[in-house]
Amino acid sequence: MSKTVNFKVKGSRPQDRLNNPRRSFLKFGGATLATAGLVMSGCKEIYDFLPKQLQPDKVKLGSGDTGILNYAYALEQLEAAFYTLVIATDCGFTDHEYRVMEDLQQHEVAHRDFFKAALGNKAIEDLTFDFSDVNFLDKESVLATAKTFENLGVGAYNGAGKLLESADLLVVAGKIVSVEARHAAVILELMDPDSTFVEFISDGLDWALSPAEVLEAAQPFIINKIDASDLPTA
Amino acid sequence: MNIIKLFDSFNIEHKSEEEVDVYMSRKEAFRKIGSLAKKMTLASLPLAAFTAMPKMAFASGHEVLDVLKFALTLERLEYDYYQKGLDAGVIMGEDTGLFMAIRDHEMAHVKLLEETINALGGNLDGVASQFDFTAGGAFPSPFENYHLFLALSQAFEDTGVKAYKGQAPNLKDNDTLLTVALQIHSVEARHAARIRRLRNRKGWITEAEGIEGFGGTFKMATNPIYANENNTTHAGLDVLTVTDVEQDAVQEAWDEFLSKETVLEIATPFVAQ
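Heads up: the sequence lines are chains U and H, in that order. 1 is the number of the first residue of the first sequence in our numbering; add one for each residue after it. 1001 is the number of the first residue of the second sequence in our numbering; add one for each residue after it.
Hints listed in this document are in silico derivations from the structure and should not be mistaken for laboratory results. Glycine residues also receive a C-beta, built at the ideal position from the N, C-alpha and C atoms. Accuracy of the hints is not assured; some may be wrong.
Restricting the straight-line Cα-Cα distance to at most 20 angstroms, the calculated cross-link-like pairs of lysine to any residue (SDA-like) are [unchecked claim]:
| no. | chain 1 | residue 1 | chain 2 | residue 2 |
| --- | --- | --- | --- | --- |
| 1 | U | 116 | U | 129 |
| 2 | H | 1172 | U | 169 |
| 3 | U | 147 | U | 216 |
| 4 | H | 1202 | U | 193 |
| 5 | H | 1202 | U | 194 |
| 6 | H | 1202 | U | 189 |
| 7 | H | 1172 | H | 1260 |
| 8 | U | 116 | H | 1233 |
| 9 | U | 122 | H | 1234 |
| 10 | U | 225 | U | 210 |
| 11 | H | 1202 | U | 190 |
Chain H residues, not near chain U, derived (Cβ > 12 angstroms throughout) [unchecked claim]:
| no. | residue |
| --- | --- |
| 12 | 1069 |
| 13 | 1088 |
| 14 | 1106 |
| 15 | 1117 |
| 16 | 1119 |
| 17 | 1120 |
| 18 | 1137 |
| 19 | 1209 |
| 20 | 1212 |
| 21 | 1220 |
| 22 | 1260 |
| 23 | 1264 |
Make the full structure from the sequences, and use the hints.
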């Protein structure tokens, strides 16, 4: 199995091979997922009654610029894991669409690896994901998810710019967010070649979202509970 | 805590009612994607976001105005370009809707920047408003050749993305302005991606030199836009040393910024004398 994946996951790293996307998919697709889903469903009462050791550890993003970088790192992990699954699965894409997905996978893996290295020993752990709401055999479902992630990424970076202290990091975030915006535009174009930016047609401004808004949307896809409580808010 | 930070925190704690409304309506809008109500709400947003801004007492007011006027020059250039393109009928029928939407965004950016500059007590003196897209006859008219029209569109949009990116640090002391600039910046990136795709290019930047196919002068003129795109080092870290992703993809995954000087070097030939 790993052979198949290695064939398709261009430039995959050792930890990717260990974390074989297909295997994770199967794991999350079965009973594990049901339990995790219950825990993560926001049903506070049940969560509170679970024995401590069954509650997933919270992942603390940290404070200051480190916290913001970990926030970005979490989102890049999510995107990289998603596209790694996409290109390892037959989603029904045309050759052209598949090549686009390969590019997105490569870009997001590069972003992820960059943040991990930049954070060093301050980096959060490798997150585990729940993509059970995505039908990987249906390209419309995959594209709709990609659209969500890319737009969320754009809104996240745009909203986080003002939270960064370091001007250098602001530039790096700027270098990445425009690539996420390019991704979003291409995904929307693949979904509807005649689309004309209807999300913000009337004001010409893109989304800018707070970490709280972004994490509320992203958390259902992440098994670990993300703790953003120490992030700067202004 | 420096004085700018102090003003910043003052501004935040004393958010006006209007500002809070703006924030809420945008958040609300996010939840109601696609509804007409959202479009109507957003239409009135940008101006409100600025006029609601506390009278700015930031130390670097002059620099900020310079940045805004610089951005306005580019936005006027883009708006004029798309309007002329639409008027000339050079755009292929099926792409008209896309270019109308892009034109509308540029118009919104122009209005937003003009209002903001005025609201901050600045004026529009010295901001170019007349453009010549043959660059004084150096290129054939882009309004008679759709391929050239698209190539120049790509050049302008990729330049716009990189220009805003380069100015972001100069707006760092004002959260509202920085965020709006970032919101414009990523819209320019969306434009760039769609236009690149119309040219059968990837949506992300693959070039490390000027645009081919329209002669040496055009290639040379567009070279500064892409000349630094082969960089793989960000915040002092060479990404190639920490990933197995191939170099081409790493280069694509980060858009470089351009200095104001380089952007002006690219744009000035198109300003009518």
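Provide an ascending list of the numbers of those earlier hints which the structure does not satisfy. Number 14 only.
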